[in-house]
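Q: According to my numbering, the sequence shown is numbered sequentially starting from 55.
Some hints could be false.
To be verified - Here are the simulated EDC-like cross-link-like pairs (lysine to aspartate or glutamate), alpha carbons at most 20 Å apart as the crow flies:
(1) K96 to E138
(2) K156 to E138
(3) K156 to E131
(4) K96 to E157
(5) K143 to E155
(6) K252 to E131
(7) K143 to D98
(8) K143 to E131
(9) K156 to D253
(10) K156 to E144
(11) K156 to D187
(12) K252 to E144
(13) K223 to E233
(14) K252 to E155
(15) K252 to E138
(16) K143 to D253
Worth flagging that the hints you see were computed from the coordinates, not collected in a lab.
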Amino acid sequence: TNVSKTRIPEIEVTKKKVKWGNIWLFALIFLIAGTLSETARKEDWQTRKPLNLFENTYRMGSLVFGGGHVLMPMMYEQYSVRPEVQLQKESSISRNQIYIEKENMVTGMGIVRAMPGPVFSIASFAGGMALRDMGAWMQVLGCAIGTIGIFLPSALLVLFFFPVWNYLKKYAVVYRSLEGINAAVVGIMIASTLYIMKDISLMHANVTSFVNVIIIVATFLLLQFTRIHSPFIVIACILLGYFL
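Take the sequences, apply the hints, and build the full model.
A: Set out below in structure tokens:
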């Protein structure tokens, strides 16, 4: 059965004392950030953007499973799709609401994938874009808020679970659930890709989509079968995007 102990490694692990401070801090920040953000949204505070930004990124960092490739569509939905749908229904949205155009968000996803480092850095890009109309210094602050908000919950959760993680994996239900979660993440990543693709020209039968397919295939072939350094390929793709 799924909860049997078959294939579960038999490892002798010393039971360690659970330190609850980090998980309580995690929950407290979650509660305070959510309360302030929702109050600011309902009352449309002029300072709501930084508050909403921190709550959004902290919540996403707390709930996302599967890495940055799952985080990207969550941010795309939060900052681009929802405001655009609201704009279509109500003809206007509050100037204090975070709204990142779809084209800018998709561009940011491409830039983040092309750069070294974790894909979670999309939060830094989104944070800067979210506060870009509040001045240069606020844009820098937005990058910092996005970075802290997305990495803080995982840091607190790791500090809580790490001392007892090997002990928890001794339980069949925990070990089996991890296998199921890892399998589900593959499906989530595929669904995330399709969700983003539906709004780009690749999904439409026109000249632009045909050119995009050629560029994608050519990029793959260059990366797979040549020794051209990836930064040069990225620069070439940026230039193609500019001229096309």
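Q: Of the hints stated earlier, which fail here?
A: Violated hints (numbers, rising): 4, 12; every other hint is consistent with the structure.
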